[in-house]
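Residue numbers (my numbering), protein chains in the order written: chain Z, 1 to 333; chain C, 334 to 678.
No lab work stands behind these hints, which were simulated from the structure alone. Ideal Cβ placement from N, Cα and C applies to all residues, glycine included. Each hint should be verified, as a subset may be incorrect.
Which bits of chain C does chain Z cover? Going by a derived footprint, with three or more residues having C-beta under 8 Å, they are [to be verified]: (1) 396-405; (2) 532-541; (3) 608-618.
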Amino acid sequence: MAAAEPLIEVKGLKVHFHTEDGVALAVDGVDFSIAPERTLGVVGESGCGKSVTARAIMGLIEPPGRIEQGEILLHGPDGIVDIAGLDPRGAEIRDIRGTEIAMIFQEPMTSLNPVFKIGDQIVEAILLHENLSRSQARERAIDLLAAVGIPMPRQRFDHFPHQLSGGMRQRAMIAMAMSCNPRLLIADEPTTALDVTIQAQVLDLMNALRRDFNTAILFITHDLGVIAGMADDVVVMYLGKIVESAPVREIFRHPKHPYTQGLMGSIPSLTDWGARRLTAIEGVVPSPFAHAQGCGFAPRCPHAMEVCRRRSPDLLKVGPGHTAACFLHQAAP
Amino acid sequence: MTAENTLLEVRNLRKYFPVRKGLLQRTVAQIKAVDGVDLTIRTGETLGLVGESGCGKTTTGRTILRLVEPTGGEILFRGRSLAGDTDTAMTDVATASPAQIKLLRRDMQIIFQDPYSSLDPRMTVGEIVGEPLQIQGLMSRSERMARVLDLLGAVGLSADHARRYPHEFSGGQRQRIGIARALALNPRLVVADEPVSALDVSIQAQVINLLQDLQEQFGLTYLFIAHDLSVVKHISNRVAVMYLGKIVELADTRELFGNPRHPYTEALLSAVPVADPDFKVERIPLEGDVPSPVNPPSGCHFHPRCRYAQDVCRTEPPAYRAVGQTHFVSCHRADELSLRGMRSS
Numbered sequence: 001m002a003a004a005e006p007l008i009e010v011k012g013l014k015v016h017f018h019t020e021d022g023v024a025l026a027v028d029g030v031d032f033s034i035a036p037e038r039t040l041g042v043v044g045e046s047g048c049g050k051s052v053t054a055r056a057i058m059g060l061i062e063p064p065g066r067i068e069q070g071e072i073l074l075h076g077p078d079g080i081v082d083i084a085g086l087d088p089r090g091a092e093i094r095d096i097r098g099t100e101i102a103m104i105f106q107e108p109m110t111s112l113n114p115v116f117k118i119g120d121q122i123v124e125a126i127l128l129h130e131n132l133s134r135s136q137a138r139e140r141a142i143d144l145l146a147a148v149g150i151p152m153p154r155q156r157f158d159h160f161p162h163q164l165s166g167g168m169r170q171r172a173m174i175a176m177a178m179s180c181n182p183r184l185l186i187a188d189e190p191t192t193a194l195d196v197t198i199q200a201q202v203l204d205l206m207n208a209l210r211r212d213f214n215t216a217i218l219f220i221t222h223d224l225g226v227i228a229g230m231a232d233d234v235v236v237m238y239l240g241k242i243v244e245s246a247p248v249r250e251i252f253r254h255p256k257h258p259y260t261q262g263l264m265g266s267i268p269s270l271t272d273w274g275a276r277r278l279t280a281i282e283g284v285v286p287s288p289f290a291h292a293q294g295c296g297f298a299p300r301c302p303h304a305m306e307v308c309r310r311r312s313p314d315l316l317k318v319g320p321g322h323t324a325a326c327f328l329h330q331a332a333p
Numbered sequence: 334m335t336a337e338n339t340l341l342e343v344r345n346l347r348k349y350f351p352v353r354k355g356l357l358q359r360t361v362a363q364i365k366a367v368d369g370v371d372l373t374i375r376t377g378e379t380l381g382l383v384g385e386s387g388c389g390k391t392t393t394g395r396t397i398l399r400l401v402e403p404t405g406g407e408i409l410f411r412g413r414s415l416a417g418d419t420d421t422a423m424t425d426v427a428t429a430s431p432a433q434i435k436l437l438r439r440d441m442q443i444i445f446q447d448p449y450s451s452l453d454p455r456m457t458v459g460e461i462v463g464e465p466l467q468i469q470g471l472m473s474r475s476e477r478m479a480r481v482l483d484l485l486g487a488v489g490l491s492a493d494h495a496r497r498y499p500h501e502f503s504g505g506q507r508q509r510i511g512i513a514r515a516l517a518l519n520p521r522l523v524v525a526d527e528p529v530s531a532l533d534v535s536i537q538a539q540v541i542n543l544l545q546d547l548q549e550q551f552g553l554t555y556l557f558i559a560h561d562l563s564v565v566k567h568i569s570n571r572v573a574v575m576y577l578g579k580i581v582e583l584a585d586t587r588e589l590f591g592n593p594r595h596p597y598t599e600a601l602l603s604a605v606p607v608a609d610p611d612f613k614v615e616r617i618p619l620e621g622d623v624p625s626p627v628n629p630p631s632g633c634h635f636h637p638r639c640r641y642a643q644d645v646c647r648t649e650p651p652a653y654r655a656v657g658q659t660h661f662v663s664c665h666r667a668d669e670l671s672l673r674g675m676r677s678s
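Same shape as in the complex, but just chain C:
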């Protein structure tokens, strides 16, 4: 059922956070941060995951790594045998034991958004990058040091940086440290959670280029989570769009940007400021704000802001279905609507 080149398959993933109130801290409601996400990631590709704040993209990434406990669903991941030379059968990360999780950490890692809060200020860069190796007990002290120096070189830092502390580095350099740490165990899947959004434009470009070089060099697979559509378009092979805990559309990058099938994707694309004063696009106004995930709208969650909404959208939740070989969308009207994508300039 699962194709050979599938590295990760997520089925009906859910993560609900309880809202507690009162003296007894009773659960009065659920925040459905991730509410039935299905996606697959193929070996060697970059899957972009976009959406606005609060759509659940970060929670999805963290739940896939079991940094957050899922409420339900399956997270099937193809790991490696202990020797590291052969693939294992698909393991369900969602139900893995702590010992299994520790093993899976060798193959699944994360790069965080904030290069300031994600590095321990009291550890040297060498200790930070070497810590995953130490925890896994994989190498002797001297082997570890050699590996750390290799990694620092791979991310564009120098050997004498290993003795220094994070506060001595700029934001871009800190992000390089975080990348080196994520790569220490030679993982297969790296979840990159807004890895460049805290950086200045010129530094952002350096880190994007670095991520692409490392992918080629080490055969990495990325789940690239970001809100910046131009960055996602640049780096991703395929893109998934999230809205209120659900994936509303997923397609090859060119297809998604050129020929969107979900009205939310269309509106999102029209809202992005294009760095060209002659590029005039009619913005599709999205009225109001994203509704609360505690009490999402009935039917299709997007219907109160959708300019194509009809009665069925208010009552029936749309199915997530294929509308092309590699194009998935959850919209009742996907077949009849003709939506506008990005034109080339």
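The shape of chain Z in the complex, shown without the other chains:
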């Protein structure tokens, strides 16, 4: 993770939602960076703040949500831009979306317009950012459809989203996201809605594109199996905070945070033949409105100590490139 010049740096990011029920601390102080051409996997369960983090990077936080604090620094050839400080409806962020950062979502049907042909939607994305003629853009779109493995791209160009299967739609979404050669691709649960054999096709495609386009990827998922196959580095999120961060092999071999250990114990193994009982994490994720003192995981943690209920642990180094926010691995304060 510690490359010379990161592509993007998130520093002290806090995104809060001001609702009638109170203030939800959706993202509550998150730091990470992604180097060019690396894939950072973000793992966590519903409500941990992983999608809100991604939306903040895209400049897509809308009221009642608000970026309260922090910076999202995009390093470009012309210097550094702080996305967190841009007007979400301004020209600057619109310029960044698509050309610098693109995003694909879990359910492609909600992000493709059902009344336009998929080819025209890709052409529109290209024309928005690049100075090409319509016919040049059309050829580029057809090339992209071919590059993402859509058979008969020239015919598929004129199809509407509902005429494609789920896997094909996700491929079309990826083609659109890659249309302007973004330096960072944010993929938010891109294969969760797909069947396992189709998921395998889409993951293979993303790995191939990553090599061909030299794109960095922020890959958000709840599936540890997918993370193991896709990510170079992993951050684990819980209740709006990063609880652990490490290179992929390190985090799977030596998980340090009890939450990460709990997640790994919760998934049945495909390769282990012993009849082992799953070590489930007790209890449920607390409400993001609660704002309890201390470590957010303490109420569910089998190792919780007295200090964990009083103070919130910092994310500190526990190994090479490996950080964890847990008092078990820190000298007594």
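Since chain Z is already given, all that's left is putting chain C on it; use the hints.
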């Protein structure tokens, strides 16, 4: 013919849904959602049923319970006498009268995938869990309440939850409510239709552990329908793989995962992401999507996506046959192919 320990025997089960078109709503085609399924479930075991969306696994589960009317076939089930102490002869659920069905409901229940849509938002948890007892007219009001509290305790909820409404609960807790309702009548067979796929990983593990504990405690038999192969491997004694309305392979769990005999099973296993960054497996690409069940391919339904397909596969439907003591497969080439299963790590 039927072994002593057989709880359920399904023979040539079929369910076709008509495709209607035009002003007169004439039937123009049939969707063969379930197209000749044979399987047996033994008392006390968990049979896993896996397959991708649209393969017919959910319809199979619902047809077995007669929540969906079968088009044809037999569903032989060993129920209990009214007193509940002795087994009855095998009853054919497929042709049972409404009165018989009502009795069979005491022995066959279902847990649904979506814990949000499967609970009536206007009933309290106590009413939801007690409703099966009320419908069957089995207990007085006070006995019923006592039973509901027992059930809530058994699934890890507390007595004061009985007065609350479903919207006050998280997804995992709602699934516990659904499980308590399914167990209210003390059934023999529970069809669990994707019971954990809507839940977060840590909650999923809690519910899987609960299902296993309850099985031991109440001597339950499960038909466990899921698309997640690692969950199925964990919970099942035997596993059946479905593709386009048919069972293509069925074997003991260890045998099926370690030594698959059907090319579809092999491809499915190779596609599952393993939570180990050093586990490198050569994926067997399955080209294209699952074909439409309205117009399935000729011969073996899997042949257009099968890398071992030969001429015979395109013309002749393969027979579903035994290739070992407890291993069944429908593939023309099962005897000559050597397929790759999951290695242990």
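Each hint tested on the structure:
no., hint, result
1, 396-405, "violated (count 0)"
2, 532-541, "holds (count 8)"
3, 608-618, "holds (count 7)"
In summary, the one numbered hint that this structure violates is 1.
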